[in-house]
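Participant: Produce the entire structure from the sequences given, and follow the hints as far as they go.
Take a look at the letters that make up each chain.
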Amino acid sequence: MNCSDVRDSIESYITDDLSDTESAKVAAHLAACDGCATAYEETRALVAGLSGIAESFVPRERFVPERPYAPRPVGGWGWRIAAVAASILALLAISALSVPAIARELPLPLAREIDALEQTNETLKEQVDELTVRLETIGGVEVAIVDTAPGDVAPEVAEAVKTLAMDFVRAQYSGDLEALAAMGTQRLRADLTAHPEDYLRARDAAVVFAQMTEPVDAGDGTFLIFVRLSDSADWVDSQYQEDFEIKLIDGVYLVDFMGMDA
Amino acid sequence: MEDHELVRRAQSGDDRSFATLVRRHERTLYATAYAITRSQWDAADAVQDALTDAYLNITALRDPTRFAAWVSRIVVNRCNGLLRRRSRVVPLEEPPEPQAFVWDGPEDGIDLMRALQSLSPDHREVIALRYFRDLKVDDVAAVLGCPPGTVKSRINRALASLQATLSRDHSAQEV
Ligand SMILES: [Zn+2]
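Residue numbers (the numbering used here), protein chains in the order written: chain A, 1 to 262; chain B, 1 to 175.
Hints are computed from structural coordinates only; laboratory data are not their basis. Glycine included, C-beta positions come from ideal geometry on N, C-alpha and C. Treat each hint with caution, since some may be false.
If we take Cβ atoms under 7 angstroms as the criterion, some of the chain B residues that face chain A in the derived model are [what the hints assert, rightly or not]: (1) Arg-27; (2) Glu-107; (3) Gly-109; (4) Cys-146; (5) Leu-159.
Result set (DSBU-like, lysine-lysine): computed pairs, CA atoms no more than 30 angstroms apart in a straight line [as the list claims (entries may be wrong)]: (6) Lys-136(B) with Lys-25(A); (7) Lys-247(A) with Lys-136(B); (8) Lys-136(B) with Lys-152(B).
Facilitator: And the structure:
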């Protein structure tokens, strides 16, 4: 075995992936060659370091599988707005829940994580502050509203869109298919009839409205709004997002599309 | 209980067994996703989505002893999907300190992770699968869909380049 062969085999030698014969050849070479012995020591330290940090990452988010009302692909609107709003909400999901009024309503473990975050997350809180999050009372419930597109939509329109989205979510949790149909356009009603399971949520779960984006006017009488929700059921707590397309038809706001986002 | 037994139970509908698998693998899956996406937040999203995929498709895993490689592949797929999407939007700025995760390791481990983040995507991916996920070369090859020989040489090049980065950082500190 020459030096080049040995260098190629060092990693396998360290991780014990060589046959006994090959392993013995490498060992013999290392004993006799200073250059390869140094390379071996460096690689061994590096591999040990990498293996040693694998378990060091403790994600703050508690990973829980979604229950079988599986997320449907989000489609039908500009991916750009959707992706931006999704990433903003993902950021807020971890941090801006520190709004105390919201935190109080959340299941305990999450509230505790938020407490921990509040102490450590000054930088992130500043970023979130810049996004302007404010508490707004909609239909008697306090919700954190994220200003993704300030001034885009008239206040009374925004109010109507937000109220509709919240009523829709409530009907999902109370299992009221009739109410859902009444809040939907023809397109949504057809989808609701075909896949009611996509719209119904766990009946015994308590839902919390974590955040909402300010509605965005997508033109042609369509408004986009993203609602971040948290609920808790038997063995999981989960956070997810519902993306709405809401249309104004004959003076009435109706849900034209609802998609779930993890 | 070993992974493959938990997988069998999860396949017959035992959610607690699946939850145990999640607890057992989430750290190294997160580390892998973080190495690939280089974003703490994207890594969390990728792992969450991947575990949902795994949960919904667990019965499709024919050989329960391959769970570690199987779920690694799902995470790699989710990361690549996120990276494709992210290339079209303005990514969130990464904070200097970890915020989406808590560091529960040796102090110099963070430096090693930083050095790893400076490697090419191919190299980060292969290092994460091999050392974070502790997969055999054949399993890494199966996850990435390339021959084991390619994996081996990629690992060697990745380690060399990581070594070079570390000694460069080290000598920069001494100046
Ligand atoms: Zn030599």
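Participant: Hint by hint, say whether it matches the structure.
Facilitator: Hints and how they fare:
{"no.": "1", "hint": "Arg-27", "verdict": "5 angstroms, holds"}
{"no.": "2", "hint": "Glu-107", "verdict": "10 angstroms, violated"}
{"no.": "3", "hint": "Gly-109", "verdict": "4 angstroms, holds"}
{"no.": "4", "hint": "Cys-146", "verdict": "17 angstroms, violated"}
{"no.": "5", "hint": "Leu-159", "verdict": "6 angstroms, holds"}
{"no.": "6", "hint": "Lys-136(B) with Lys-25(A)", "verdict": "22 angstroms, holds"}
{"no.": "7", "hint": "Lys-247(A) with Lys-136(B)", "verdict": "53 angstroms, violated"}
{"no.": "8", "hint": "Lys-136(B) with Lys-152(B)", "verdict": "10 angstroms, holds"}
Going down the numbered hints, you'll see the structure goes against 2, 4 and 7, while the others check out.
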